[in-house]
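So the chains spell out like this:
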Amino acid sequence: MEVADEAFVVAPREVDPLRRRPPFIPSSQPPESFKFLCRPNMSGEEEENAAELKIGEEFLKAKCLMNCEVARILDHKYDQLQQTSDDPTNQISQVFEKSMQYVKRFSRYKNPDAVRQVREVLSRYKLAEFELCVLGNLCPETVEEAIAIVPSIKSKGRMLEDDAIEKMLHDLSLIKKFE
Amino acid sequence: MFFHITLERNMQLHPRHFGPHLRDKLVAKLMKDVEGTCSGRHGFVVAITGVEDIGKGLIREGTGFVTFPVKYQAVVFRPFKGEILEAVVTMVNKMGFFAEAGPVQIFVSNHLIPDDMEFQSGDVPNYTTSDGSVKIQKDSEVRLKIIGTRVDATEIFCIGTIKDDFLGVINDPGAAA
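As given, the protein sequences belong to chains A and B, one line each in that order.
Counted from 1, the first sequence has number 32 at position 32 by the UniProt record's numbering; the numbering is strictly sequential.
Counted from 1, the second sequence has number 103 at position 103 by the UniProt record's numbering; the numbering is strictly sequential.
Derived by calculation from the structure, the hints in this document are not laboratory data.
Check the hints yourself; a few may be wrong.
A few chain A residues facing chain B, derived, Cβ under 10 Å [claimed, not checked]:
(1) K54
(2) C64
(3) C133
Even glycine gets a Cβ: it sits at the ideal position worked out from N, Cα and C.
Based on the provided sequences and hints, a complete structural model is requested.
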């Protein structure tokens with residue numbers, strides 16, 4: 001019995017000096033090694049937000065494609081692949097297949113002439129490529145809807161009035177009607 | 001959104017391909033290597049549409065491989081935060097639903113579905129308004145806004161919302177049937 005009791009005596013706890021933490025000194029400035037966490041982004045770039053047209057220099061300058069345009073390009077490519085190889089399925093990636101299904105499902109304009117017209121009409125309104133394609137893809141019916149899906153067309157410094165937007169939407173619906 | 005952009009890549013080619021068809025081999029290898037891949041910066045590379053320029057090759061010491069800088073044009077799909085797009089619902093559960101817009105997967109949590117839509121379990125799990133007029137189920141088409149993206153080594157995942165003006169179901173497969 002006595003032996004067992006002895007075993008339960010709790011020895012005063014000794015802190016291993018190696019495991020002792022350094023004292024915490026609060027300071028207003030973060031330590032140098034954590035400075036990178038304070039930036040909005042690891043790469044130092046501004047955070048992206050399509051609503052404010054912050055999509056990065058590279059994509060802002062790049063050519064945007066509407067779904068109907070992508071459908072034409074992919075169709076063409078698909079035909080090419082089928083001609084050049086006996087078994088086309090092994091060359092087509094999943095990404096290609098999924099994109100093709102998607103753009104076919106969500107193409108507003110099937111007729112290549114209509115697609116060209118849409119681009120022409122929208123490009124009269126001093127829109128960014130990205131805005132043009134969102135409008136072409138979603139085909140809003142009212143001015144409020146157009147502003148809700150592309151908030152940047154109403155942002156500061158743009159000369160687009162409600163009347164102009166209305167006219168633009170009207171032009172779009174006409175193309176769709178006479179397609 | 002789909003973009004048409006110019007990209008660059010250093011291609012390594014084995015010496016056995018050298019000959020009159022070098023360019024064809026290089027383009028074929030480029031397509032095999034690049035199409036279907038995904039990077040955080042450029043998104044999914046859907047299809048290569050053309051090769052702009054093939055630079056001077058550089059022989060690698062020791063291996064005999066030659067590296068060519070290749071400039072090419074490609075159709076890429078890159079989702080952006082704040083972008084509004086249409087997607088097809090692929091799965092519905094009590095946590096929310098998954099939708100697909102081309103190659104990208106988008107999750108819409110039940111917190112980001114309008115409060116008047118309730119989850120209904122059963123054979124075809126769905127979210128329905130109390131009056132039953134609007135229903136989200138598999139194969140529904142929805143318009144959603146991307147509010148967050150996560151970049152993986154081989155994929156991009158998005159978080160979306162339909163709790164905003166002019167967002168939600170645009171086509172309900174159940175309604176037509």
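(request) Check each numbered hint against the structure and report the violated ones by number, ascending. (result) none
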